[in-house]
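K.L.:
Sequence:
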Amino acid sequence: MKSFEAYLDIKAEVKKALANNLPVVALESTIISHGMPYPDNVIMAKKVEQIIREQGAIPATIAILDGRIKVGLTDEDLETLAKSKHVVKVSRRDLASVIAMKQIGATTVASTMICAEMANIKFFVTGGIGGVHKGYESTLDVSADLEELAQTNVTVICAGAKAILDLPRTMEYLETKGVSVIGYKTKVLPAFYTRTSDIKLHLHVEKINDLAKIVLTKEHLNLKGGILVANPIPEADSIDGDYMNEIIDKAVKQSVVDHVEGKDVTPYLLKKIVEETKGKSLQANLALVYNNACIGGQLAKAYQDLKK
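Numbering-wise, my numbering comes out as the position in the sequence shown, counting from 1, plus 148.
These are computed hints drawn from the structure, not numbers from a lab. By construction, the Cβ of each residue, glycine as well, lies at the ideal position given by its N, Cα and C atoms. Do not rely on the hints blindly, as some may be mistaken.
[Unchecked claim] No more than 30 Å apart at the CA atoms, straight line, and that leaves these computed lysine-lysine pairs for DSSO-like:
#: 1; residue 1: K372; residue 2: K150
#: 2; residue 1: K372; residue 2: K398
#: 3; residue 1: K355; residue 2: K195
#: 4; residue 1: K426; residue 2: K231
#: 5; residue 1: K250; residue 2: K428
#: 6; residue 1: K361; residue 2: K419
#: 7; residue 1: K163; residue 2: K419
#: 8; residue 1: K282; residue 2: K398
#: 9; residue 1: K449; residue 2: K419
#: 10; residue 1: K159; residue 2: K250
#: 11; residue 1: K419; residue 2: K195
#: 12; residue 1: K195; residue 2: K426
#: 13; residue 1: K237; residue 2: K195
#: 14; residue 1: K411; residue 2: K398
#: 15; residue 1: K231; residue 2: K335
#: 16; residue 1: K194; residue 2: K233
#: 17; residue 1: K401; residue 2: K195
#: 18; residue 1: K361; residue 2: K282
#: 19; residue 1: K398; residue 2: K237
[Unchecked claim] Restraint-style ranges between C-beta atoms, simulated for each label pair:
#: 20; residue 1: T228; residue 2: E285; range: 34 to 42 Å
#: 21; residue 1: E224; residue 2: N168; range: 22 to 30 Å
#: 22; residue 1: K250; residue 2: D397; range: 17 to 25 Å
#: 23; residue 1: D214; residue 2: D346; range: 41 to 49 Å
#: 24; residue 1: K455; residue 2: D388; range: 19 to 27 Å
#: 25; residue 1: D406; residue 2: A167; range: 48 to 56 Å
#: 26; residue 1: E354; residue 2: K194; range: 42 to 50 Å
#: 27; residue 1: K164; residue 2: E285; range: 48 to 56 Å
#: 28; residue 1: H368; residue 2: E320; range: 41 to 49 Å
#: 29; residue 1: Q299; residue 2: D214; range: 26 to 34 Å
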């Protein structure tokens, strides 16, 4: 019987790093295929990988190509993913079918966590996680990212949950599932485009080494599930919260009018927000991803240094 390893293609550089206990950081691919147009998406992806290298870690962008889980993409893989018109947005529910049917798939937070754990990669950098959507009481729309954080042993570095979400309910869900949400140099949950929110965090640290100690101790205790590191967008790139909330509320109402549902909601809303902010939100998105890559690389290295 085949095991999951039969479907994994780990790039030689990543495989060597893992074999030698060097720091490795996973990256999602939905931001490439569904986040921005070509060639901006390729430029962004390569810059994120370069930032991780500058921190002393090896990047491993994950995607599905030709029925294979690619852990670490070549330049050719990246171009294929960035240019293709029919890339499937792959969450947990889609993983088996996209692989079996040999479709091109871009991994979300949930599926990137799954594939990272398969490859024994312990850290993953993204922009923001999914969560409980506004209007939950009528749609029951909750991202699979939250359930994945509850069961998959990967530490996720993000700028909080996407600002289009119901943040209090998202945090309540994570608390119910026992997920540690740790603020890095913040005592409140960042709101993606904005550094602050009204949601206080129970855990916060000021030093990368303290984050690494928590990750390692959780591992020693054999505690199930991931850790969520909330790393605020740099102050210079933060957008006013009231301004963003007004735009987001307008976009959410329009999505209802346009009958947008399921996994189409997030890309629809993000596109509307880019239009309404005249590109300012896209620049903020890039800034926070680059910032998360920097912290993710530092954390992966600090963790490996502690294990020596």
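K.L.:
Decide, hint by hint, whether the structure agrees.
P.N.:
Consistency of the hints with the structure:
| no. | hint | result |
| --- | --- | --- |
| 1 | K372 <-> K150 | holds (25 Å) |
| 2 | K372 <-> K398 | violated (39 Å) |
| 3 | K355 <-> K195 | holds (25 Å) |
| 4 | K426 <-> K231 | holds (24 Å) |
| 5 | K250 <-> K428 | violated (37 Å) |
| 6 | K361 <-> K419 | violated (38 Å) |
| 7 | K163 <-> K419 | violated (36 Å) |
| 8 | K282 <-> K398 | holds (12 Å) |
| 9 | K449 <-> K419 | violated (35 Å) |
| 10 | K159 <-> K250 | holds (19 Å) |
| 11 | K419 <-> K195 | holds (22 Å) |
| 12 | K195 <-> K426 | holds (23 Å) |
| 13 | K237 <-> K195 | holds (22 Å) |
| 14 | K411 <-> K398 | holds (19 Å) |
| 15 | K231 <-> K335 | violated (40 Å) |
| 16 | K194 <-> K233 | holds (20 Å) |
| 17 | K401 <-> K195 | violated (35 Å) |
| 18 | K361 <-> K282 | violated (35 Å) |
| 19 | K398 <-> K237 | holds (25 Å) |
| 20 | T228 <-> E285: 34 to 42 Å | holds (41 Å) |
| 21 | E224 <-> N168: 22 to 30 Å | holds (26 Å) |
| 22 | K250 <-> D397: 17 to 25 Å | violated (41 Å) |
| 23 | D214 <-> D346: 41 to 49 Å | holds (46 Å) |
| 24 | K455 <-> D388: 19 to 27 Å | violated (42 Å) |
| 25 | D406 <-> A167: 48 to 56 Å | holds (49 Å) |
| 26 | E354 <-> K194: 42 to 50 Å | violated (31 Å) |
| 27 | K164 <-> E285: 48 to 56 Å | holds (50 Å) |
| 28 | H368 <-> E320: 41 to 49 Å | violated (28 Å) |
| 29 | Q299 <-> D214: 26 to 34 Å | holds (28 Å) |
Hint violations for this structure: numbers 2, 5, 6, 7, 9, 15, 17, 18, 22, 24, 26, 28, all remaining hints satisfied.
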